[in-house]
Amino acid sequence: MKVKMLSRNPDNYVRETKLDLQRVPRNYDPALHPFEVPREYVRALNATKLERVFAKPFLASLDGHRDGVNCLAKHPENLATVLSGACDGEVRIWNLTQRNCIRTIQAHEGFVRGICTRFCGTSFFTVGDDKTVKQWKMDGPGYGDEEEPLHTILGKTVYTGIDHHWKEAVFATCGQQVDIWDEQRTNPICSMTWGFDSISSVKFNPIETFLLGSCASDRNIVLYDMRQATPLKKVILDMRTNTICWNPMEAFIFTAANEDYNLYTFDMRALDTPVMVHMDHVSAVLDVDYSPTGKEFVSASFDKSIRIFPVDKSRSREVYHTKRMQHVICVKWTSDSKYIMCGSDEMNIRLWKANASEKLGVLTSREKAAKDYNQKLKEKFQHYPHIKRIARHRHLPKSIYSQIQEQRIMKEARRRKEVNRIKHSKPGSVPIVSEKKKHVVAVVK
Amino acid sequence: MTANRLAESLLALSQQEELADLPKDYLLSESEDEGDNDGERKHQKLLEAISSLDGKNRRKLAERSEASLKVSEFSVSSEGSGEKLVLADLLEPVKTSSSLATVKKQLSRVKSKKTVELPLNKEEIERIHREVAFNKTAQVLSKWDPVVLKNRQAEQLVFPLEKEEPAIAPIEHVLSGWKARTPLEQEIFNLLHKNKQPVTDPLLTPVEKASLRAMSLEEAKMRRAELQRARALQSYYEAKARREKKIKSKKYHKVVKKGKAKKALKEFEQLRKVNPAAALEELEKIEKARMMERMSLKHQNSGKWAKSKAIMAKYDLEARQAMQEQLSKNKELTQKLQVASESEEEEGGTEDVEELLVPDVVNEVQMNADGPNPWMLRSCTSDTKEAATQEDPEQLPELAAHEVSASGAEERPVAEEEILLREFEERQSLRKRSELNQDAEPASSQETKDSSSQEVLSELRALSQKLKEKHQSRKQKASSEGTVPQVQREEPAPEEEEPLLLQRPERVQTLEELEELGKEDCFQNKELPRPLLEGQQSERTPNNRPDAPKEKKEKEQLINLQNFLTTQSPSVRSLAVPTIIEELEDEEERNHRQMIKEAFAGDDVIRDFLKEKREAVEASKPKDVDLTLPGWGEWGGVGLKPSAKKRRQFLIKAPEGPPRKDKNLPNVIISEKRNIHAAAHQVQVLPYPFTHHRQFERTIQTPIGSTWNTQRAFQKLTTPKVVTKPGHIIKPIKAEDVGYQSSSRSDLPVIQRNPKRITTRHNKEEKL
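First to last, the sequence lines map onto chains A and B. In this text, residue positions in the first sequence follow full-length UniProt numbering: the first is 1, and each later residue adds one. In this text, residue positions in the second sequence follow full-length UniProt numbering: the first is 1, and each later residue adds one.
Chain A on its own, in the form it takes in the complex:
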């Protein structure tokens, strides 16, 4: 009897070393893999669900301050170091990896209004309610030495904000006017003013470093040119802007955090219409910071939550809140774009993941591939109602939830009124103003 046997060449299936991947023979004949769309849809649905299951963004809370945290600053060279200033004049330096405070300085009497690090990371500056600007060394004093600032500048008025230049030994403070200081001098090298109202924050443009933006309490945002020592333009919005932040990848884009619960992204060359109005907060937005990739930004609000917005979307993609977190005063996105820090009224600094469901740590290549695939699937099927619903679903504290409902009703009422007004008036007599333009009062040259 003839015995038939299968004979195979081991070269086709035996690995050369055990570190090689197993060869998996595949047949890509589409007839063998039917129902590709339904199968991928189910995969996308599962991926979306899993994303929600694994969404645990909260990482750590850094406590130690004895008053509300008023300002935060990143270390430019070290990812693990964070500085924070509190309302009692205390400045703390934190180590994020160890999640502890490594240094405490009683910097000012009264609030620490602003804090910023030098671009090289060797020292940092603070301004406080005691009308002083102080420069501190990043490293602590030796044993037995007293904690003393490197320089102290006594001003005539209260400084409400400070920012350091990105390349040169120059910093800017704001208060009654925007002052630009040389680090070596005790007098500002130039002062720029436009109008007479207190300026709440000033920020250097990180790309075109001679540009500055500031926002004052008379509802305006003013841009300055440091080289020509002159203001450039001013835009007046409906309500006061609390702070602005420049996009670190797009030189002319900045976002303003406004009291009217919205954020406005402007192209500084065309201030009459914001590029995008970001709305989701239900109370005043107090701080905003861009992700270093320039694709997203995070905003801190008085409504006890922080939200993450894509730059080109008007709605937020994420909202973070905890029961104990009170009004969030300051927020920062870390330089590796993975984490978010926020300082709030109840004396804590919280550390969040920027992507709520992201796995921390090193990923194997297969994990990475699966992650990428899931991400793409979610993107591909994002418009499908079930997936959209699951992906958008967030639990919100009751206060925020009810506020949202209330504001929705208000907004609808306003819209209805406008529609009625248009309907019952002579055609063309009531101009239709777009949402973007509605909030800009004027642009002053």
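Keep in mind the hints are simulated off the structure, nothing from the lab. Just so it is clear, CB atoms sit at the ideal spot from N, CA and C, and this is done for glycine as well. Worth double-checking, as some hints may not be accurate.
Claimed, not checked - Under 10 angstroms between C-beta atoms, here's a sample of chain A residues computed to sit facing chain B: (1) Glu36; (2) Tyr41; (3) Asn78; (4) Lys167; (5) Ala284; (6) Asn374.
For chain A, the structure is supplied; the task is to place chain B on it using the hints.
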């Protein structure tokens, strides 16, 4: 006093007004009320003048610059002179002196200068400054537009943007701490050491150094010059050859060739006299060339081979012998291809010069007798007949012997021809069919044939061309062979005429073929009676007879083909029956089927399906609406039905719905109802970036998983948009990152850079 003067001036003023107004009015309007207007204005002036008397406006009046007749001490007038007053005139009454010229000049210069405008107020200035600064800044920023756009549209962005330069350690450092561990490494190091390859110092090896030392500079230079010269010469030669090759004149080429041949001959003769060994060598060379020629199968009779042979035949008998051997060998070699083949030309070659055409023709006749080739049928022309009569009786047996071989040689080509013929037939039939289809009239087939004859003719021409080519190639082969036996038999044949001999029959044959083709064409298309020639042929060559029916058969075949085309295709079985039960021959299958039948004896699937479908159709039909109210307008109650009229009146017929999609698909039910369960998972509105639903569908339909894509494609499809490296600080984008020059200018304010202004500014500020 003052009042008096005032009055005077008033008078003067009014006069002037008049003077001034006159031309203006004249120009502007010629209406009646101009006088009226004038009067009014004068009145107004007067009033003003009077009102100014109270002293308040007196100064203003005195400053009036209008000219007046009288000279007042407050204003200057040049009214009387009728010319404008120039400032220089004021100097005139005093003595004319040269010293005043400079003053005049200065005065004129002063006058030519315009007055400096008032400085703008501070806000205005600042505003302008701001605007200028803003424009400048906007311009600076606009250089980022392409970068921003590129980054926004990028498929993938990898952060941090700037690439960290990997620190390249010099090889010496690496090697110092290196130890060969694996056998491969050891082997490599052994090799390196053996060749004295410097491991750490990346300079030349000793061998390379030695090779460098081997040649001095002068030597190298000389060698290079030599090479250059050689290259130049070569290029010249090439250019010359190209030039000569381009000359189109045939005569020139002939002359050149002849000259070359003569030269070679002369040289050879000389060589033979001087050095027989060398001559032999030369001969060998020639032979080699011949061999090459042979190998390449280029056997034109006027070729080099014939000439070389001529040379050899004249002078060297031994060589000739050797060559014959060679040729016989060659023949043997070629015999493998065509077993025992000796074409008719070969025969012809052996014949006398007078009987040039005989063998060819004879062969053809014989062939006809054999009857493999219908194309040769009517090739018997008058000269063939002549040839046949001239044939010697002794040669006949020999010819008979040849017949066999010839037929054998002919077989292949015949087959080819048949193939061609079939092809032709097919093509013709195809065309016929199409025409038939077009006309749909079998009666007009004859006409269509006629109409199509032109096309067919052209087709035929092409075919005949093919045939001719085939024949030629065959003939060439044969002719090359034909030369061989001639040499073998060592007959004193006239070599010079051989090419002619060989060529002629070939040409004749092809011509004949063409004629034949033409005739065939006539037969096929126009149904003409056979030409007389055929009858003659049949008379004269009785051997031909058996071939005739064959040809007829072929003709019939053609016609049959046409018939076949006109026959209708078998009717296609309709697919209307859901399942077709076919009789199965195999017992096993039948058994199998039986078993299945038994197993599912209870359920008649087909009927169930049909019933289901009927129900579905019924359910999907729009229903009529019955609005009759029983008892309305008539008696109602149990057992009483509304009248038929009423029912008809209040029955609203539902409009006929659109035809069902499965109307013509008997074994399919297509439900056109929306499935709510599926709808919950469906996208209702076209999402934003898509402009057409098909775009969106296409993106959804292309799978991205590795189940459907290769690994590479999968990786490409799932590349994330933004990639960040954990633990790397992402710095803001810099001008250098994207290839722009970062401004070397400091960002410090302008005032900072010139400290003089600073101080003043600060002082000012302090004062403020």
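Against the structure, the hints:
1. Glu36: 4 angstroms, holds
2. Tyr41: Hint on tyrosine 41/A: holds, closest Cβ of chain B at ~7 angstroms, below 10 angstroms.
3. Asn78: 8 angstroms, holds
4. Lys167: Cβ of lysine 167/A sits 7 angstroms from chain B, so the hint holds.
5. Ala284: The hint is violated - alanine 284/A has no Cβ within 10 angstroms of chain B, the shortest such distance being about 28 angstroms.
6. Asn374: 9 angstroms, holds
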